[in-house]
Amino acid sequence: MKTTIKKASQYQIGDEIVGPTRPFSQERIGWYSIGMLSAAMGSLQTIQHNIHTDDEYARSQGLPAAIADGMHSTNWLSAMMADHFGAHYVAHGELRTKFIKPTYANVPITTRGQITERTVAANGDIKITMEVWCEDDTGTKLTVGDASVLVTAALGE
Amino acid sequence: MLGKTIAHLETGDVFEPIRYVLTPFICSEYAHAMEDSTEWYYSAAAPFDRQLRPPSMIHADKMRLLEANCYEERRMAGIRTDDARIHYEYHAQHHSPAFVGEELIVSGRIEERYTKRGGDYLFYNLKVETSDGRLITTYKDRTLLSYKTIEKGK
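From first to last, the protein sequence lines are chains E and A.
Oh and the first sequence: position 155 is 155 in my numbering, straight run, nothing missing.
Numbers given in my numbering equal positions in the second sequence, counted from 1, plus 157.
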């Protein structure tokens, strides 16, 4: 499914949004590991060895294999929100995610959302609320949550 | 600082706030890691005309706060305990963007430590603001302290 990105104020209840389908390859998991640690430390770091990057360590922790960081799917959902709602999401957004199933390497993941509520305030601000989730190639939801955006005139369309 | 491992954090523990200045590298590196090509994470693009950070970077702030406060387990420095934790819930509310050059203050507490289905969880409540008092992000987080523990209990 492909959706057309509208102006933020034009989304209506029932509208669906979608991000790209892409696998959590081990290489991508490594990119996130390095980037996350580098951002937290303020300088370029090397890959961390943890349950996301190291199969052996993951097995020692009771997992069948390395799993993707839950923040990885959250970040992909956050990017989908920024794609569709732009500055409104960055300035006045909210995102909640729950990691209900583990995501293993190389599983194709698609980010999705569906608008559940749209309210217009007296000053013209529009609050858009939606369900969001990440699903695998069988349609099984691995990460679920909700998000909202306040679309304000000050930030334009 | 609290001086213990993350697994020893308890309800009501208050983190000593940390401060850091947001750099272009921090913003672009995190955005690159999450494969988000939105230009304002990489340069001073419209409509803000200033480079800013991805809002989900609050998770890196949590790491910074834990690193500074739980010095018996400094994961960023490679000092870890036997138990891997599993992040269970992320909940960020964005109040305003954080721009390159701004000094950020990260603070927070453990709202609750509780046991559910044999696993111990921490419920964090964190806040990021600029040093001149502008609220950036409020954040709630649930983390399972040891996946091994609930696996053994099955």
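Treat the hints as calculated values from the structure; they're not laboratory data.
A virtual CB, placed ideally from N, CA and C, is assigned to each residue, including glycine.
A couple of the hints might just be wrong.
[To be verified] Derived Cβ-Cβ restraints for the label pairs, each shown as a range:
hint, chain 1, residue 1, chain 2, residue 2, range
1, A, Glu-192, E, Ser-43, 32 to 38 Å
2, A, Glu-260, E, Val-18, 46 to 52 Å
3, E, Ala-65, A, Glu-196, 31 to 37 Å
4, E, Gly-42, A, Glu-196, 37 to 43 Å
5, E, Ile-100, A, Asp-206, 36 to 42 Å
Results for each hint:
1. A/Glu-192 to E/Ser-43: 32 to 38 Å: Once the Cβ atoms are compared, 21 Å apart, the range 32 to 38 Å for E/Ser-43 and A/Glu-192 is violated.
2. A/Glu-260 to E/Val-18: 46 to 52 Å: 38 Å, violated
3. E/Ala-65 to A/Glu-196: 31 to 37 Å: 36 Å, holds
4. E/Gly-42 to A/Glu-196: 37 to 43 Å: 22 Å, violated
5. E/Ile-100 to A/Asp-206: 36 to 42 Å: 39 Å, holds
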